[in-house]
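Peer 1: Chains A and B, in that order, are what the protein sequence lines are.
The first sequence: position 183 = 183 (my numbering), numbered continuously.
The number in my numbering is simply the position in the second sequence, starting from 1, with 268 added.
Since the hints were made in silico from the structure, they are not lab data.
We put the beta carbon where it would ideally sit given N, CA and C, even for glycine.
Some hints here could point you the wrong way.
[What the hints assert, rightly or not] Partial list, computed: chain B residues near chain A (C-beta under 8 Å):
(1) V280
(2) I283
(3) N393
(4) K394
(5) D553
(6) P623
(7) N643
(8) F644
(9) E646
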Amino acid sequence: MATKFIKYEKALLTIADTNIFAESAELGIEASLSPVTNITGSVLRYAPNGPVRGTLSFSHYCTGSFHDFLNPLTAIEHTGEPLQGNFAGVSFTQGYIKSLSFSVAPYSPILFRSDIDIYGDLTVTDELDDEYADNTLRNQTGIAHGLRTYVAGTDVKINKKVSFDYSVSCSRNPDVTIGNEVPSRVTKENVRINMSIAGEDFGDAIGITGNYAGLKINVLDVYGNNTALAEFGCTGQIYSQNLSVTEGGYVDGTISVSQEYLTGRVFY
Amino acid sequence: MANQSYVFGSGVTSIEGVNSFEIGNTYSQYDIVFFSGYTESNTQYFPDVTGHYYYIGTSSQVSSSSNSPATNGSNWTQKLFTEASYGSMISYQNMSYDITFGDGYYNVQNKSENSLQTKFDVTFNKRTDKQTRALVHLLEDSFNKGEKPSGAYTGIYWTPFAPYNKEHEFYIQEFDRSFDYPNVNNTSFSLYREDQSTIDWQEYFIPFDQTRGFFEEGAKYSLHDIVYLSGDYTDEEGNFTQNSLYKVQQSGWYYYTGATETTATADNGPIGDNSLWTNNEFYFDLNQGLSIKQAPRYIKHAVQNEYFIRAKDGLNINLLNMTFTLQGRTDKEAKAIVHFLEHKKGSKQFNFTPPRPYNKKDLAFFCPKWSHKLNFKENNDVEVNFIQFPINLTADAVSFTTLVTIDPYFRGSNQTQGL
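Excised from the complex, chain A in its bound form (with noise of 0.2 Å):
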C-alpha cells in the first residue's frame, strides 16, 4: 500500500461492513513512547507507556439512514463491542466511536464529522486498488440538507432560527491488563452533549443555573418525505448566550446548551 497513490474515489472507507460516503478521512497512529537514558545520558532504549493508539477521523454526508454505529450514544457500544473497519487498504479491528458532530445552516447539505479511537492490531493490506473502491456510493440521490432539517422542542425564544450546530463527545479509556498490549476494555465516559442555535434574538437571560432546554433535531432528506433519518436531543440546560453585531448588519443572537448524558449502564 505503501508504494501505491491511491486516487480518492479508490480509498474506500468501510465500518462495520458499511462502506461510508466520507468526503475526507484521516487516519493516525500513535505510540506513546519515553526515552530512558543511563547515569551518562545515552538512550538505553525508549520505553513504551501505553497501547498504540490510533485515530480516524473522517466527514461523511448522510444518504439513506443514519447508521447509528456512528453515534456515540447507541446501544451497540454499551456492550462494549468494538467496531471494525477499513480505510485505503488498512484494517482495524477495535475501533470506538469517540464523537459526532454536524451543522444545519440553509442552502447547504449536512456534513457529519466523526472521530473514532482505533486499538489492536491494523492489518495493511497490498491487494489491488479496485478492491478499495466503490462506485455506487455517488449513485444515491438522497442527501440529509438543511432545507428541510429542523430542531423543534421547549420555545428557547428564538424565533428566526438561522442555523445550529450539534455535537456528542465522549473519552476512552483503555485498561490493558498485564502481559497485553492491546486493551481488554475500552470504557465510554463523560458523554455530553452539546447544541447551539444561532437566530434573530438570544432568549431570556440565563441565571445561575442556566436555562432548561428540551431539544430536538430532525434530519431530512432534502427530496425524500417527512420521516427522519435521523434524531438527535439535547435536553439540558442553556449555559451561555451571546449577542453580536456588525456595521451594515443585524443583530445575531446565539445560544448553547449541554446536556450530560447517562450512558453505559447495565443492570443486571
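The hints should help you fit chain B onto chain A, whose structure is shown.
Peer 2: Showing chain B alone in chain A's frame:
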C-alpha cells in the same frame, strides 16, 4: 437451597443478591453463587467444597450436575479470577535483626526463613459493575473464613502476572473501590504473603521456569538470561556426573551480561576464563536523575547552654545508603534485576560500583527492600535501597552452620516405628 438473597451460614458480605446454585439456571460471566450441593433426582451435598463460587466462563451456560462447582474443570472458581491492570507493583521488605558493633561495623541477620516479605499492590481498572461486584464479594468473603481460637484463616489463591506467575495463597487487609462512571469501576488492594521460604534455592517469587534453568554448554544465551550453575549434570546416557570444573562455592544463579547472543562454552560460561556471566555484580545500568543523601556518622556532645561539640565517630563513618529507581526496563531486564535481588534474600552482600565520584571498585552492598512497578508491557521501574557494607565478604567461602534437627516423633510413610 432456597432462592434467597442471603444464604444462611454462607458468610456475611455487603453484596446484595447472592443466591444458591441451582441446577437448570443459566449463569453468565462473573455471576456469584453459594454452592453446597444441588437437587437433581435427589439432593446431593458437597461439604468439602461448599462456599461461594464465581463464574468465569466467557459464554453463559445452563447449569447441570456435570458443570457444577463440584466438577473439576468447570467454569466456577474460588480463586482470584481477574487479571490486574498495569500500574500494579510488588514490594519486598526483609525483616532482620540489625546488630551494630563499634566503629560503624554492623551485621544483618534475617529474623526467620520467611523474613523476606512481599506485598502485591494490584489495581483492577475500568472494570464493569458486574466484574467489580464479583471481585469485591471475593475479597469480602475471604474475611469470613477462619474460626477463633485456632484460626486456620484461608487466604485468597492467586496466580500473579509474569514473571511471578506461580500460584500462592495471599491475604488482604483492606481494599479500595472507586466509581469512575456508570459501569466503570476501579478496585485496588494489597495482597500479602509472609510465609514464602527463603531457603528454597530454586525459586522465591519468580518461579524456576521463568529462568533458563541449568546452564548448558552449547545453548545460546543473550543479555539478562538467568541460569543456575550446578556442578552436577546428566550426560547423554543419563548418567549423573560431576563437572570437573566445578567448585562448590561457585554454584548458584548467574546472569548473562554479554551485549550480543553467544553460544555457551566452558570458556565463556559462568566460571570460564572469559566469562560473560556474573552472579555477584549488580551490573544493571543506572538512570539519570539519581540523588544520594549522605549522612556521615559523628559524635555530638551537648554541653551547657545549647553548645555542642562534634567529633569523629571512629571508622566506617560514611557508608552509602542509596535509594534509586531503575526506570523503563524491559520485562526481561526487570526480571533479571528482581531475580538477582530475590536470591540475595534481602541481606546477602553483592558488588556494586556506584556512579562517579563514588565509583570505587569492589564495594559491597546489600538490598533490604525493593519494589517492582509494571508501568506497561516492556516498561518496568525497579526501585532499590542499597546499603553499603563496611567489609566486602562476597568472595569468601560460605560455611554453613545450620543445625539440622530431626523430629523424633516423625514417622515416614515407609516406617513402622518412630525414631
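Peer 1: For the hint on K394 of chain B, does the least C-beta distance to chain A fall short of 8 Å?
Peer 2: OK, holds: K394 of chain B within 8 Å of chain A, min 4 Å.
Peer 1: Should the interface hint for E646 of chain B be scored as holding, given a Cβ-Cβ cut-off of 8 Å against chain A?
Peer 2: This interface hint holds because 6 Å falls under the 8 Å limit.
Peer 1: Can the hint on I283 of chain B be confirmed by a CB-to-CB distance to chain A that is less than 8 Å?
Peer 2: 13 Å, violated
Peer 1: With 8 Å as the cut and Cβ atoms as the points, is N393 of chain B at the interface with chain A?
Peer 2: It holds, given that the least Cβ distance between N393 of chain B and chain A is near 5 Å, below 8 Å.
Peer 1: So, P623 of chain B near chain A? Judge it on the closest CB pair being under 8 Å.
Peer 2: 5 Å, holds
Peer 1: Checking hints one by one. Is D553 of chain B an interface residue toward chain A, by the C-beta closer than 8 Å rule?
Peer 2: 4 Å, holds
Peer 1: Hint validation: F644 of chain B versus chain A, beta carbon distance must be below 8 Å. Holds or violated?
Peer 2: Holds - the Cβ of F644 of chain B comes within 8 Å of chain A, reaching about 5 Å at its closest.
Peer 1: So, V280 of chain B near chain A? Judge it on the closest CB pair being under 8 Å.
Peer 2: 22 Å, violated
Peer 1: Given N643 of chain B as an interface hint, is its Cβ closer than 8 Å to any Cβ of chain A?
Peer 2: For N643 of chain B, the interface hint holds, since the closest Cβ of chain A sits about 7 Å away, which is under 8 Å.
Against the hints set out earlier in the document, violations occur for numbers 1, 2.
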